[in-house]
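Keeping their order, the protein sequence lines are chains B and L.
Take 1 as the starting number for the first sequence in my numbering and just add one per residue.
Take 135 as the starting number for the second sequence in my numbering and just add one per residue.
No lab work stands behind these hints: they were computed from the structure.
One or more of the hints may lead you astray.
Partial selection, computed: residues in chain L whose CB lies under 7 Å from chain B [stated by the list, open to error]:
(1) 234
(2) 235
(3) 424
(4) 427
We put the CB at the ideal spot given by N, CA and C, even for glycine.
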Amino acid sequence: MIYPLIKGLATTLRHCVSKPITLQYPEEKRQVYPRFRGHPELQVDEDGRLKCVACTLCMTVCPSRAITKITPAEGPNHEKYPAEFVIDLTRCIFCGFCQEACPKAAIALNNKYELAQYDKRVLIYDLEKLRAKS
Amino acid sequence: MINLTIDGKALQVKKGKTILEAALANGIHIPHLCYHPAIKAIGSCRICVVEVKPGPPRPQPACTTTVAEGMEVITQSERLQDLRRELVKFILVNHPLDCPWCDKAGECLLQDLTHELGIDVVDYEAVKVPPHIDYESRLIERYATRCVTCGRCVRVCRDRVGASAINFESRGYFTELGCGHVPLECEFCGTCIDICPVGALINKLFKYTARSWELTKTKTVCPYCGGGCNYEVHTKNGHIHRVRSQGSLLLCGRGRFGFGVLEAPERLHQPLIKKDGQLVAATWDEALDYAARGLKEVIDNAGPDALYGIGSPRATNEASFLFQKLIRAGLGHNNLDSPARYNFARALAGIAAVFGEAQVSGVALGSVKKGVYQSPWEVQEEAKGSGFPFVLGNAHHLSHADVILIVGADVTPEMPTYGWRIMDALKNENFRLVVANPRKTKFDRYANLNLRYQPGSERLLLIGLMEAVLEAQPGYSPHLEAEGFEDFKKTLLKTSLSKVAKQAGVKDADLRQAGKLLAQAQAPAIIFGHDLMAQEQGQDNVIAVADLFLLIGQPCNKGSALYPIAEKNNTRGVCDVGVMPNYLPGYQSLAEGGGAFAKLWGKPVSDKPGVTLEEMLDQLENNEPEAPRALYLLGGDLVRLLPNRQRTERLLQKVRFMVVQDAFLTDTARLADVVLPVAIHAELDGTYTSTDGRLGCLQAALSPNGTRPDWQIITELSQRLGYPMKYGSAPAIFAEMVQLMPIWAGIKEGHRWPHKKISVSLNGKFVPFSTEISIPGEGKYTLIVGKTLAHSGSYTTHAHGPQTIMPGAELKINPADAQALKVNEGEPVKISSTQGEITVPIAVTVEIPRGVVFLADHFSDTPANLLTSNSNLCRVQLQKG
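Okay, chain B solo, but in the shape it has when bound (with noise of 0.2 Å):
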């Protein structure tokens, strides 16, 4: 009759003198794994310039719609870029389509996960936003 009861009192001390399995977030932050499927961003070459040339298949491809927007445009020496690109952010799904989709790995999801906004607008990414900032 007591010992079920010692037992389990015994799992409530140990716990209470063990280390927390949960994480105190928002002050601390979970560390992702390198492959870990974040905010979907722009890369950019060497030499600072985008890498995407405003194919649309990422666009064509994202299941959710979060690309909702891509402007193409020609620039000085005929090549195309993006004059505008956005992604809504509250409707990715993180799927990582957009980045096997890409014939010039210029889409890629970091490592970035946050999403709490008390504004969605703010989750409306444009070029500038998009853009790798490494």
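Using the hints provided, position chain L relative to the given structure of chain B.
The following block gives chain L in isolation, referenced to the frame of chain B:
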């Protein structure tokens, strides 16, 4: 029929077909690259190879091997796939990986082949070819690096378009398409872009704007010339990005590159009303109320006759029908006409004078089909027809004619579709082409005989031709039943041939040879156009043409007919549906045909013919009491379009109240009291009738963006004028219209009227015509005002594509004349006539003979009709500007 099996499937195929045609027609896929149904197969890519038994032990190209009885064809085998794979790999050796930004991606034949054949690696290497990319040419970009040297563009340009603007350069592996390492200088029809299986030719207007899979395709009809080409408009997010013709891919530059008119910044999107002499923006209700009030005031004060209606050859059949209904049933008179009066209506009147009025019998009214464009009139076994519509030719049959006489027309600019048919006819080795024009035109290079006559002397030339026919075959008599032939010979054909030839400025021998060709012809066709019809005596000119056709025509033979060229997309339709003072819809006479109309409309139809547009302007000039006080224009920029601009402007200012419906603030709209903006082109539903009577159906692909279709505006106005007409859609109007037009029996989308099952009995009478030739004005030079290939009417002057080709008016002049004036290419010259003067830069060309100059009438900033007085010809003085 030939029996054969393809992949074990037994097929019956017409003799002369190739294996590839037979397979594609029966849903069997054979990979191919250089083959296209619109052009002759040459079997150069060898990707369509198939095994043929009985036959040689090696694979044969399916596109050039014709079917034979008992043939067994295998299209898929390991060996064939290996061969195809290797062939495609050879093409891919140097093909750049531009797919992400190549506009062809998604509809590229090479991409499809690569996927189909499962090619992942190209294990060959070759030296790189120099990247010759032509960014300089207008409207078209050429990427030699992407070219697969299939020769489709070269063949379509040479054999179908007739321009021969591009060809192969270099040899073997280094072959590339080009035109002598200079930018393209061609007709800019752009057919090569669409026929290219890869992205070697790129449309600059489409470049980088959309991917092929993002586009929504809507079938509609080209809004420019009378050819009535069916095409698809490709739209994305409410914007038009390109147009493309299905099937043959043939379109002219205006059609292919002229869609920018829809989004032109000058387009009106809001109604305008006149306040204190200024046109200011208003809401639709304000503008319609203002228009109705103004018109009503005139009607109340001066009677309904005081309102004159002017239709537009740009309006759909439905809008035109409602327009004439408003005038005929609402106001009870026939005072309406369209600008076609100055060209195509003359052709109809001239041909009607010789071949009689339109008659049709043996057609019965069946059930009215709602929601579709189809006539309820059924053609019975005993259906018969006669009169002028039955002399007008079917464009599809033009290539069956054995002699074509082109007189007073520059075919390709005026109507490219006829040009393509002539190119088809030229494949027949017995075909002969006679081109008569004061200027050198495109078809001179294909003609067996050129007759370069003096401007304005068409009737003398035609008399000469008739005399030459009679001289070539003594005792020659018309094939058709014809009255008055003997009298005609005695009166009009009495002058000697050499005298007529001299007056017309052509050689006797040429005239005799032309006569011989026409006399021997089994299926002669005559094409005539703007140059001939737009003269003051245009109707006499047409009568002369019709007389010649009565002499030589054999309408029982396919292709033998008269082919007048209607200037605009619905010029023929406007006349067909009764926007004419003397005909009810379907060319029914006012005296006899009114009953059916009165019954359906519940209002009597006046049998008193109205006044023509020409007569109406004369009434205004002479301040006659019958002159109209108000005008309702359904478009039709009279000020720019009609000869003698100053007079037209002055006369229109005399009108008390003027309502104009147009897409742009044209020179005529500026004079109006109310301007109502209309939907055009891909914003419209409805039908157009092409020059040869074919019904083309429009489908709206874009929202009208503040504008309204013509028919909606007419219904709104009719309600405010006290004669309410209510229709829900364009097909509802069409249903009422065709019910009243027995002559359109059997018509439906893509079909022409008169119906082919109506048996034709034609007869005619030789009608005399005046042989007086006079060109108004004074001066050393004869000015011809005409049409160019880059533009159609004034609409295309608002579109970026055609403006790139021809940004403004230029005076075409002979090099010797330019030298005498000491003016160089591109320098301005002052042209003055008795009516006015304008300054335009010159374009020196040998196309124009000495003493003649040519000016296009599309541009409103350099209005050609400021110089003319009553015709498209006038004498002018030139001076260095």
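Hint check:
Among the interface hints, the one on residue 234 of chain L holds; its C-beta lies about 4 Å from the nearest C-beta in chain B, closer than the 7 Å criterion. Annotation: interface hint on residue 235 of chain L holds; nearest CB of chain B at approximately 4 Å, less than 7 Å. The closest approach between the C-beta of residue 424 of chain L and any C-beta of chain B is roughly 41 Å, which is over the 7 Å cut-off, so the hint fails. Interface hint at residue 427 of chain L: violated, since its Cβ lies 46 Å from the closest Cβ of chain B, which is beyond the 7 Å cut-off.
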